[in-house]
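A.B. asks: What follows is each chain in one-letter form.
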Amino acid sequence: RKEVEQDPGPFNVPEGATVAFNCTYSNSASQSFFWYRQDCRKEPKLLMSVYSSGNEDGRFTAQLNRASQYISLLIRDSKLSDSATYLCVVNIRAGSYQLTFGKGTKLSVIP
Amino acid sequence: DGGITQSPKYLFRKEGQNVTLSCEQNLNHDAMYWYRQDPGQGLRLIYYSQIVNDFQKGDIAEGYSVSREKKESFPLTVTSAQKNPTAFYLCASSLNDRGVGNQPQHFGDGTRLSIL
Chain G
1 RKEVEQDPGP FNVPEGATVA FNCTYSNSAS QSFFWYRQDC RKEPKLLMSV YSSGNEDGRF
61 TAQLNRASQY ISLLIRDSKL SDSATYLCVV NIRAGSYQLT FGKGTKLSVI P
Chain R
1 DGGITQSPKY LFRKEGQNVT LSCEQNLNHD AMYWYRQDPG QGLRLIYYSQ IVNDFQKGDI
61 AEGYSVSREK KESFPLTVTS AQKNPTAFYL CASSLNDRGV GNQPQHFGDG TRLSIL
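The listed protein sequences derive, respectively, from chains G and R.
Residue numbering for the first sequence follows this note's numbering, starting at 1 and increasing by one per position.
Residue numbering for the second sequence follows this note's numbering, starting at 1 and increasing by one per position.
Quick caveat, the hints were computed from the structure, so don't treat them as lab data.
Any given hint might turn out to be false.
Computed cross-link-like contacts, DMTMM-like style, restricted to lysine to aspartate or glutamate with a CA-CA straight-line distance of at most 20 Å [stated by the list, open to error]:
#1 R:57 - G:3
#2 G:79 - G:56
#3 G:2 - R:59
#4 G:45 - R:24
#5 G:45 - R:69
#6 G:103 - R:109
From the structure, some residues in chain G lie toward chain R, with a derived Cβ separation under 8 Å [said to hold, decoys possible]:
#7 1
#8 29
#9 34
#10 37
#11 53
#12 98
#13 99
Just so it is clear, CB atoms sit at the ideal spot from N, CA and C, and this is done for glycine as well.
Extracted from the complex, chain G is given alone in its bound form (with noise of 0.2 Å):
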């Protein structure tokens, strides 16, 4: 299995669509995992932390399946300015400062 794995996509769907994207990880002692959202050329930025009970910011919800080893995100009520590249962070080297980051699932929400 790989570090961290995501479906590239892309996701295109129309605005107001629920989206929602999977990352599985390959180290089950991992304890910290995130979402960052990177935009065409830009840097990444963190759009949530994940915490083990789930947790939701306005139309964001991340969830974690320790047992099954993924994390997800969910996006409800699309927007245009949704549209972007979603990174999957996980600290597979438990233990140490190193975050690994997916590849991301490039999303695209259309009029």
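Model the placement of chain R on the given structure of chain G, informed by the hints.
C.D. replies: Relative to chain G, chain R alone:
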């Protein structure tokens, strides 16, 4: 405004030249990182530093060097030994892990390096 500043935004290098990319942060973060991103690829860690005067190699350190003489600054030198330096370089910083899991990393807006 608190943040991470990278400079220059665009940099061109002749073959055989060393170039240095600047990264400065005023977030009072202890840890700093350098990544490289190639088109369609994920971020790959070059070097990181948890504290002043200390740094560790990441996954692709060959052909790069760093220093961490000040908390605020973590410059990256791309040496002539790096045979394929054209990429998007990103600097990040974070608070130190205090035993409750990693802190998220915050990024500068990057430097695009190209070979002439």
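A.B. asks: Holds or violated: is there a CB of chain R closer than 8 Å to the CB of residue 99 (chain G)?
C.D. replies: Result: holds, 6 Å to nearest chain R Cβ.
A.B. asks: Take the shortest C-beta to C-beta distance between residue 29 (chain G) and chain R; is it under 8 Å?
C.D. replies: 12 Å, violated
A.B. asks: Hold the hint about residue 1 (chain G) up to the distance rule: shortest CB distance to chain R must be less than 8 Å.
C.D. replies: This hint is violated: residue 1 (chain G) lies away from chain R, its Cβ roughly 15 Å from the closest one there, beyond 8 Å.
A.B. asks: Report holds or violated for the interface hint on residue 37 (chain G), using the least CB-CB distance to chain R and a cut-off of 8 Å.
C.D. replies: Since chain R brings no Cβ nearer than about 11 Å to residue 37 (chain G), farther than 8 Å, the hint is violated.
A.B. asks: Just to be careful, I want the Cα atoms of residue 45 (chain G) and residue 69 (chain R) compared with a cutoff of 20 Å; is the pair within it?
C.D. replies: 27 Å, violated
A.B. asks: Is the straight-line distance between the alpha-carbon of residue 103 (chain G) and that of residue 109 (chain R) 20 Å or less?
C.D. replies: With a Cα-Cα distance of about 18 Å, the restraint between residue 103 (chain G) and residue 109 (chain R) holds, given a limit of 20 Å.
A.B. asks: Tell me if the interface restraint on residue 34 (chain G) is satisfied: Cβ within less than 8 Å of some Cβ in chain R.
C.D. replies: Interface hint status for residue 34 (chain G): holds (5 Å vs cutoff 8 Å).
A.B. asks: For a C-alpha distance cap of 20 Å, please report whether residue 57 (chain R) and residue 3 (chain G) respect it.
C.D. replies: This hinted pair holds, its Cα atoms lying about 19 Å apart.
A.B. asks: Does the structure keep residue 79 (chain G) and residue 56 (chain G) at a Cα separation of 20 Å or less?
C.D. replies: It holds: about 17 Å lies between the C-alpha atoms, which stays within 20 Å.
A.B. asks: For the hint on residue 53 (chain G), just tell me whether its beta-carbon gets within less than 8 Å of chain R.
C.D. replies: 14 Å, violated
A.B. asks: Does residue 98 (chain G) pass the interface check with chain R, least Cβ-Cβ distance below 8 Å?
C.D. replies: 6 Å, holds
A.B. asks: Need the status of pair residue 2 (chain G), residue 59 (chain R): alpha-carbon distance at most 20 Å?
C.D. replies: 15 Å, holds
In the structure shown, a violation is registered for the earlier hints numbered 5, 7, 8, 10 and 11, in ascending order.
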